[in-house]
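**Q** Here the working numbering is used: the sequence shown runs in plain steps of one and ends on residue 268.
Just so you know, these hints were derived from the structure itself, not from any lab. These numbers come from a predicted model, not from an experiment. Fair warning: there could be bad hints in the mix.
[What the hints assert, rightly or not] FRET-style restraints, in silico, Cβ to Cβ:
1. K70 with G230: 25 to 33 Å
2. Q128 with D265: 38 to 46 Å
3. G199 with G131: 35 to 43 Å
4. E167 with A35: 40 to 48 Å
5. Q249 with G131: 18 to 26 Å
6. G72 with R112: 38 to 46 Å
7. T106 with N264: 50 to 58 Å
8. Q73 with R201: 15 to 23 Å
9. P39 with A102: 43 to 51 Å
The C-beta atom is built at its ideal place from N, Cα and C for all residues, glycine as well.
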Amino acid sequence: MTELVVFSDLDGTLLDHETYSYAAAQPALDALGARGIPLILATSKTAAEVAVLHKSLKLGQWPAIVENGAGIYRPGSKDADTAPYAAIRAALDTLPADLRGSFTGFGDMTDAKVVQITGLPLESAQRARQRQHSEPGLWHGSDAERAIFLAALAELGIQARAGGRFLTLSHGRTKADGLRQIAAELGARRTLALGDAPNDTDMLQAASLGVIVRNDHGPGIPELPGEAQGTIRRTTQPGPSGWAEAVLAILNDIKD
13 MTELVVFSDL
23 DGTLLDHETY
33 SYAAAQPALD
43 ALGARGIPLI
53 LATSKTAAEV
63 AVLHKSLKLG
73 QWPAIVENGA
83 GIYRPGSKDA
93 DTAPYAAIRA
103 ALDTLPADLR
113 GSFTGFGDMT
123 DAKVVQITGL
133 PLESAQRARQ
143 RQHSEPGLWH
153 GSDAERAIFL
163 AALAELGIQA
173 RAGGRFLTLS
183 HGRTKADGLR
193 QIAAELGARR
203 TLALGDAPND
213 TDMLQAASLG
223 VIVRNDHGPG
233 IPELPGEAQG
243 TIRRTTQPGP
253 SGWAEAVLAI
263 LNDIKD
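All chains should be built: construct the whole structure from the sequences, respecting the hints.
**A** Next up, the structure:
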């Protein structure tokens with residue numbers, strides 16, 4: 013039985029929106045490590061991307077939630093099933109040309125284009141395109157056309173979620189599903205989740221305690237029901253500074 017398990021979004025939450033650095037969160041990361049509290053990354057990033065950061069953060073054998081909950085990364089695993097991703101790409105190509113042309117997914121982009129729109133280094137952009145379960149992309153059409161696009165995909169079993177930058181298509185699993193699965197595997201008595209964008213909402217609400225990290229670069233998260241009950245709180249600082257602010261305060265509240 014694990015007393016507490018922490019689940020964290022990455023971009024704009026644990027990682028700075030502009031620099032992708034987690035330096036400002038280091039004091040809280042050290043505090044989690046000192047107490048042996050599992051930190052489970054929960055991100056839209058691919059397993060290939062997460063593997064590098066996971067090693068940098070020294071997270072050992074803890075799993076991670078990848079591709080917005082569509083997959084689970086397990087260190088050392090050789091799983092390379094790309095069938096779910098291929099199915100999404102095939103579904104896209106069945107749509108009318110005007111709808112299909114309004115969505116540019118990572119599979120439609122070159123590595124250089126991903127670098128341009130994300131600011132990632134080239135090697136990171138290449139890893140971001142190594143997809144297995146989901147397809148992030150940019151929507152170029154109107155809101156009305158987007159509704160038609162999403163309805164057409166839903167008929168094919170493809171769901172969409174809006175994140176900080178991208179509209180991400182998947183077969184429906186969310187970060188909340190990943191949280192429940194891993195929390196059960198670890199026997200977590202309590203879960204803490206942190207995120208900054210709409211695609212984190214389900215995860216925040218599924219956790220024992222959710223933290224909305226201030227987002228100065230996107231729509232952020234509207235008021236959630238749990239805020240009135242105190243099961244969801246907000247940070248005053250954005251990104252990794254806000255992450256550290258929240259985690260240290262919560263650890264102080266639950267000192268052994």
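**Q** It remains to establish, for every hint, whether it holds in the given structure.
**A** Against the structure, the hints come out as follows:
Range check, K70 to G230: about 29 Å between beta-carbon atoms, so the 25 to 33 Å window is met. Against the hinted window of 38 to 46 Å, the Cβ-Cβ separation of Q128 and D265 comes to about 43 Å, which satisfies the hint. Take G199 and G131: their Cβ atoms lie about 39 Å apart, and the range 35 to 43 Å holds. For E167 and A35, the hinted distance range of 40 to 48 Å is satisfied, since their beta carbons lie about 45 Å from each other.
Remark: the range hint 18 to 26 Å for Q249 to G131 is upheld by a beta-carbon distance near 21 Å. Between G72 and R112 the beta carbon distance is about 42 Å. The supplied range of 38 to 46 Å therefore holds. Our hint of 50 to 58 Å for T106 and N264 holds, since their Cβ atoms are close to 53 Å apart. A C-beta distance of roughly 20 Å is found between Q73 and R201, which places it inside the suggested range of 15 to 23 Å.
Between P39 and A102, the C-beta spacing of about 46 Å keeps the proposed range 43 to 51 Å intact.
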